Every structure is written in C-alpha cells, then in structure tokens.
Amino acid sequence: MTLGIDSHRMSSSRILLFLLLLIGISGEILQHRLLAASPKEIFTDITQEAEITWQQFGGESPDRFLIETMGGGVAFVDFDNDGMLDIFFVNGGETPRGKSPLPLSNALYRNLGNGKFENVAAKAGLDKLNFYGMGVAAADFDNDGYQDLYVTGYPASALYHNNRNGTFTNVTDKAGVKNAGKWAAGAAWFDYDRDGLLDLIVTNYAQFSFDDPKKCEVNGVRAYCAQTAYTGLPLTLYHNNGDGTFTDVSTRAGFDKLIGRGLGVVAIDVNDDGWPDLFIARDASPNLLLINKHDGTFEDVALEAEVAYDQNGAAKAGMGVDAGDVNGDGIPDFVLTNFNDQYHSLFLGSKSLAFSDHTSASHLASLTRLFVGWGAKFLDYDNDGNLDVMLVNGHINQVIESMRVDVKYKEPALLLRNNGAGVFDDMRELAGPAFRRSYVGRSLAIGDFDNDGDADAVFTTLNGPAVLLRNNVGQDSSWIGFSLQGTTSNRDAIGAKITVTSFGRTLTRWIAGGGSYLASHDRRVLVGLGPSAKPINVDIRWPGGIVQHLSGLQPRQYHRLVEPASPVSSKKP
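Just so you know, the sequence shown maps onto residues 2 to 574 in the working numbering.
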C-alpha cells in the first residue's frame with residue numbers, strides 16, 4: 002500500500018499529525034507536541050485570576066447625556082513605592098435618571114506581587130468622588146518621592162496628595178486646581194517652564210449641564226447627540242508654585258483662545274529644543290500642536306504642521322493620542338484615535354515640524370475604518386526595538402447596528418506590529434483571545450506590572466469590567482529598562498530624552514506626560530534590544546538640560562539613574 006503525501010499542500014502540523022498517528026503515539030503525547038510547536042499567545046487576559054472585579058458605571062439614562070458614553074480612566078502607578086505597579090480606576094457617576102443599583106466607587110488595586118491584586122481604595126481614601134469622574138494623571142507634583150493623583154471630571158476635578166503611608170488627602174481647594182464648572186477630560190503633568198516643578202495641563206471638553214439634555218433620535222429611538230451639539234471649551238494650565246499651590250495661567254499662556262472639544266493630551270519635546278510641547282486631540286475641533294516659546298506662552302502650529310485637519314480639511318473626532326518614534330529617525334511621531342469611517346491617524350514627524358500623514362501607508366486606514374477609537378499607546382510588545390501600537394475601540398450609540406451592518410457597538414481592541422518603518426500588521430490571530438473578543442473599550446494604560454521586562458496593558462470598558470493583559474513574549478528578547486530620578490529637574494524626570502545605542506541601532510525614547518485617553522502609565526522606560534545581549538550605551542538629556550552619557554549598562558534589568566549635578570560621561574554606575 003502506497004501513501005502519497007503532497008508536502009506542498011499539506012501543512013507541517015498535518016504532516017506531523019499524520020506521521021505520529023502512523024507510528025501509534027498516544028493522543029495525549031500528540032496533543033502535547035502539537036501545542037509545543039504552536040506560537041505562544043502574545044497576551045493573556047488575567048483579570049479574573051488577578052482578582053480585579055471593579056466595573057465602570059456611566060450613568061446611562063433615557064436622557065442620553067453624552068458624558069455617559071466617555072468615561073473610565075485608568076492608571077498604572079506604584080503608589081506605595083514597593084517597586085510593583087498598582088492600578089487605579091476612575092468610575093463615572095450617576096446622572097439624574099441614571100442611578101446605580103450598587104454603591105459607586107473608584108478602585109485602587111495594590112499589586113501583591115504574586116499575580117493578584119487587592120482593592121485598597123477605601124483604606125486609601127480614594128474610593129468616592131463628589132463629581133462625575135473621567136480620567137487620571139499620576140505624578141509626584143511636590144517632589145517628595147511618592148506619586149500623587151489628579152482625577153478629572155464634571156463639574157470639578159480633584160488633586161489627591163500621597164501621604165506616604167498608603168493613604169491620600171484631597172488637597173484640591175488648597176492647591177487651587179478644582180477646575181470648577183468645567184467638564185474636564187484629559188490631563189497631563191509636565192514642567193513647561195523647566196523650574197523643576199511639575200505643572201498641569203487639563204483638556205476641557207464642552208459646555209455641559211444635566212439641566213440641559215440634548216434631544217436626538219435615530220429611527221425614532223432616543224440616541225446620543227453628535228459632539229457638535231456641544232460647544233467646546235478652552236484648555237486649563239496650572240503653574241506649580243512649589244508650596245503646594247498652583248496658579249491658573251491659562252490666559253497668560255494663550256490657552257483661553259483655544260476653544261474646542263479637547264480630549265487626549267501628550268506632552269513631549271516635538272522640536273528637540275529641550276522644552277516640552279503639547280499635542281491635544283480634539284473631537285470635531287482641529288487638533289492642537291502647541292510649541293513651547295520658553296516664556297510661559299505657546300504657539301499653535303497644527304495647521305502649518307498639517308495635523309489639525311484631515312487631508313480633506315475636516316476636523317476628525319480625535320479622542321486618544323500618543324507620541325513615539327515609530328520609524329527610527331529619532332523624531333516624535335503621533336498616533337490618534339478617531340471615529341468610524343475617519344480612520345485612526347498616524348503622523349510622522351520631521352526636523353522642519355512638517356508632519357506627513359502616514360495613515361494609509363501604515364495600514365491604519367484599512368485596519369481601523371470601522372472602529373471608534375479611544376485609548377492609544379505605543380509599546381514594543383515583542384522587544385524587537387520597533388514601537389508597536391495598541392488601540393482600544395468601542396462605539397457610543399447602541400443603535401448603530403440598526404443603521405449600519407458593518408459597524409458594531411462592541412468592537413475589538415487592536416494590537417498592531419510595526420515592521421520598523423511605521424507599517425503595521427494586525428496581530429489578532431496571535432495576540433490572544435482577548436483580541437478576538439469585542440468591547441465598548443475606553444481608556445488604556447501600559448506598564449510592566451510583573452517586572453519581567455515587557456509591556457503589559459490594562460483597559461477599561463464602558464459600563465463593564467476592566468481587562469488586564471499579561472505579556473507572554475517580550476521577555477524572549479533582550480531589553481533594558483530605565484527608572485530616572487530628577488534632582489534639579491522634576492523628580493519623575495518627565496520630559497527626559499533617552500537615546501540607546503545597541504547592535505548598530507540608535508533607539509530614541511522619551512518620558513512623556515500624559516498619552517492615550519484618560520490614562521497614566523508606567524514612568525519607567527523599556528527599550529527592546531532584539532537579539533542583542535551586549536552591554537548598552539545610553540545618552541540621557543534630563544528635563545533641565547543636563548546631558549549624561551553612560552556606557553557598559555547590562556541588558557535584561559532596570560537601571561535606576563539619578564540626575565547628576567553637571568554633564569557627565571561614565572561607565573556603568
């Protein structure tokens with residue numbers, strides 16, 4: 002008897018199966034060997050085993066207030082300084098006719114170090130808000146070595162000072178950062194005047210009142226009105242006075258004239274002059290690219306840079322934004338999430354401050370056309386040295402499926418792999434089951450919560466549970482991590498530029514303020530090194546301007562570096 006096998010048509014796994022069956026190997030051994038030969042899933046959803054049970058509540062009501070559709074901030078933050086990232090979740094709130102059957106609370110999950118988390122929000126004094134919650138920005142605003150929290154919302158926001166004993170104190174009124182009467186969405190800490198103290202930018206969304214429900218219908222069904230039914234607001238900029246108080250300098254900075262529906266914000270040095278700039282994603286309002294003029298004012302160059310509008314001159318529905326170098330030229334690029342049919346955007350930077358729209362060439366147009374995007378974050382999930390991107394999606398109108406057969410209310414999160422030139426491939430089939438499910442996704446934060454040298458993720462869903470994803474593949478490649486402590490610069494070193502030389506490559510990273518949507522991230526910087534196991538050289542430009550050169554740093558570990566008093570060049574510290 003002759004058995005003919007077409008090796009060109011039969012997959013290697015089928016050939017293996019056929020041969021093993023021929024020689025009589027048991028089914029149990031067969032299954033083990035086949036699984037061993039299959040690719041490892043990139044991310045595993047460990048939410049349940051981590052004992053994270055918190056759920057967001059948006060106050061959904063018959064009135065269809067737009068604010069009901071937009072909340073659920075999240076932060077990776079080591080609030081107790083034990084070297085492990087904890088997770089803080091911001092709840093929404095009730096509306097006049099949208100009441101929760103259970104008491105509402107934020108959640109602060111303390112990392113126990115064994116893959117599990119414990120909710121300590123009530124003990125920490127962070128469980129309750131007296132306003133409708135939106136997002137969170139974590140940073141050490143008073144340089145005492147502990148992370149504080151700024152929570153945005155409507156009709157107020159709040160600043161919580163870390164007491165260094167596991168508890169927080171609401172210091173909003175004393176600090177003068179209440180942002181009263183405004184619907185605040187995004188926020189970011191950054192030192193715009195380089196005085197060593199972190200200042201605060203708040204993106205305000207729109208004029209809003211629970212006494213003024215907007216009435217819109219789709220096919221006779223009450224629905225959420227378009228964002229254009231709401232008049233936009235200017236930005237708020239708070240200057241840190243260094244004594245626990247802040248001064249509203251929005252007018253002096255020129256922000257009072259920048260009226261629009263602001264959401265995502267990222268602070269990064271766009272033009273490489275050593276001073277932090279701002280990119281603001283705005284919803285059906287032109288995006289802002291605010292260049293720091295070194296005198297407390299900013300200039301919006303978004304129109305000249307060609308990032309304010311799309312190629313047809315229309316303002317997209319910008320929600321989330323992040324910055325990073327996706328094509329290896331050492332210049333910040335920007336990714337933005339938008340509404341369905343608008344495509345999420347990728348803008349590639351240049352030394353001349355002219356950006357090129359790389360949305361179609363990057364495959365983002367084809368990959369995101371049907372999605373409404375929110376959280377967006379660059380990460381090198383496989384530590385090959387190329388910045389990939391994760392995107393969280395979800396629609397706002399439950400009735401969308403009665404209008405469109407191709408657009409869904411619940412949508413998948415996306416993990417897109419960068420080929421090194423800013424061109425992305427959808428990793429859905431390998432990313433893990435979490436990326437083959439659909440969600441009403443909102444905020445997204447990135448951080449290495451298990452300290453194994455690769456980027457993990459957490460995101461929130463509207464009126465639903467959070468999702469915690471553990472990275473399974475990044476540690477298979479080489480990497481190096483940096484934890485920076487400023488001295489004359491702000492202690493978090495927000496604004497630092499890190500340049501790594503490895504294996505003939507130069508990789509540039511920044512410690513940015515903000516990023517994504519309503520989120521805050523691991524302050525440490527992870528740099529993937531691919532196959533290289535050689536000692537690493539690094540140049541650090543600290544936020545205050547000092548440049549430090551270090552050589553001989555070992556990979557596969559985090560290096561804690563303290564800002565020197567003067568420019569230095571040294572070997573491994």
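Derived by calculation from the structure, the hints in this document are not laboratory data. A couple of the hints might just be wrong.
[Claimed, not checked] Ranges between beta-carbon positions, derived for each pair:
1) I401 - G146: 34 to 40 Å
2) E218 - D426: 39 to 45 Å
3) N115 - P63: 41 to 47 Å
4) D273 - P156: 35 to 41 Å
5) Q49 - V569: 44 to 50 Å
6) P104 - S353: 53 to 59 Å
[Unchecked claim] With a straight-line Cα cutoff of 20 Å, these simulated DMTMM-like cross-link-like pairs (lysine to aspartate or glutamate) come out:
7) K258 - E300
8) K498 - D274
9) K124 - D81
10) K498 - D342
11) K409 - D427
12) K498 - D194
13) K216 - D64
14) K352 - E300
15) K258 - D330
16) K129 - D174
17) K409 - E61
18) K117 - D64
19) K411 - E61
20) K124 - D64
21) K352 - D385
22) K117 - D342
23) K179 - E218
24) K535 - D385
25) K179 - D128
26) K411 - D385
27) K498 - E430
28) K411 - D342
29) K216 - D46
30) K352 - D273
31) K215 - E61
32) K535 - D453
33) K258 - D296
Since we're looking at a predicted model, the values are computed, not measured. Ideal Cβ positions, reconstructed from N, Cα and C, are used throughout, including at glycine.
Evaluation of the provided hints:
1. I401 - G146: 34 to 40 Å: The hinted range 34 to 40 Å is violated for I401 and G146, with Cβ atoms some 47 Å apart.
2. E218 - D426: 39 to 45 Å: 41 Å, holds
3. N115 - P63: 41 to 47 Å: 45 Å, holds
4. D273 - P156: 35 to 41 Å: Given about 39 Å between the Cβ atoms, the range holds.
5. Q49 - V569: 44 to 50 Å: Given a distance of about 48 Å, which is inside 44 to 50 Å, the answer is holds.
6. P104 - S353: 53 to 59 Å: 54 Å, holds
7. K258 - E300: 11 Å, holds
8. K498 - D274: The given pair, whose Cα atoms are some 11 Å apart, holds under the 20 Å limit.
9. K124 - D81: 13 Å, holds
10. K498 - D342: 35 Å, violated
11. K409 - D427: Holds. K409 to D427 sits at ~19 Å (cutoff 20 Å).
12. K498 - D194: Cα-Cα ~17 Å, so holds.
13. K216 - D64: Status holds; Cα separation ~8 Å.
14. K352 - E300: 17 Å, holds
15. K258 - D330: 34 Å, violated
16. K129 - D174: Holds, because 17 Å separates the two Cα atoms, which is no more than 20 Å.
17. K409 - E61: Distance ~19 Å between K409 and E61 Cα, so the pair holds.
18. K117 - D64: 39 Å, violated
19. K411 - E61: 16 Å, holds
20. K124 - D64: 35 Å, violated
21. K352 - D385: 25 Å, violated
22. K117 - D342: Violated: K117 and D342 sit about 40 Å apart, past 20 Å.
23. K179 - E218: 35 Å, violated
24. K535 - D385: It holds: about 15 Å lies between the C-alpha atoms, which stays within 20 Å.
25. K179 - D128: 18 Å, holds
26. K411 - D385: It is violated: about 31 Å lies between the C-alpha atoms, which goes past 20 Å.
27. K498 - E430: 35 Å, violated
28. K411 - D342: With a Cα-Cα distance of about 16 Å, the restraint between K411 and D342 holds, given a limit of 20 Å.
29. K216 - D46: Violated, at roughly 39 Å.
30. K352 - D273: 8 Å, holds
31. K215 - E61: 14 Å, holds
32. K535 - D453: Satisfied, since the Cα-Cα distance of roughly 19 Å is no more than 20 Å.
33. K258 - D296: The hint holds at about 18 Å.
The structure does not agree with the numbered hints 1, 10, 15, 18, 20, 21, 22, 23, 26, 27 and 29 stated previously, though it agrees with the rest.
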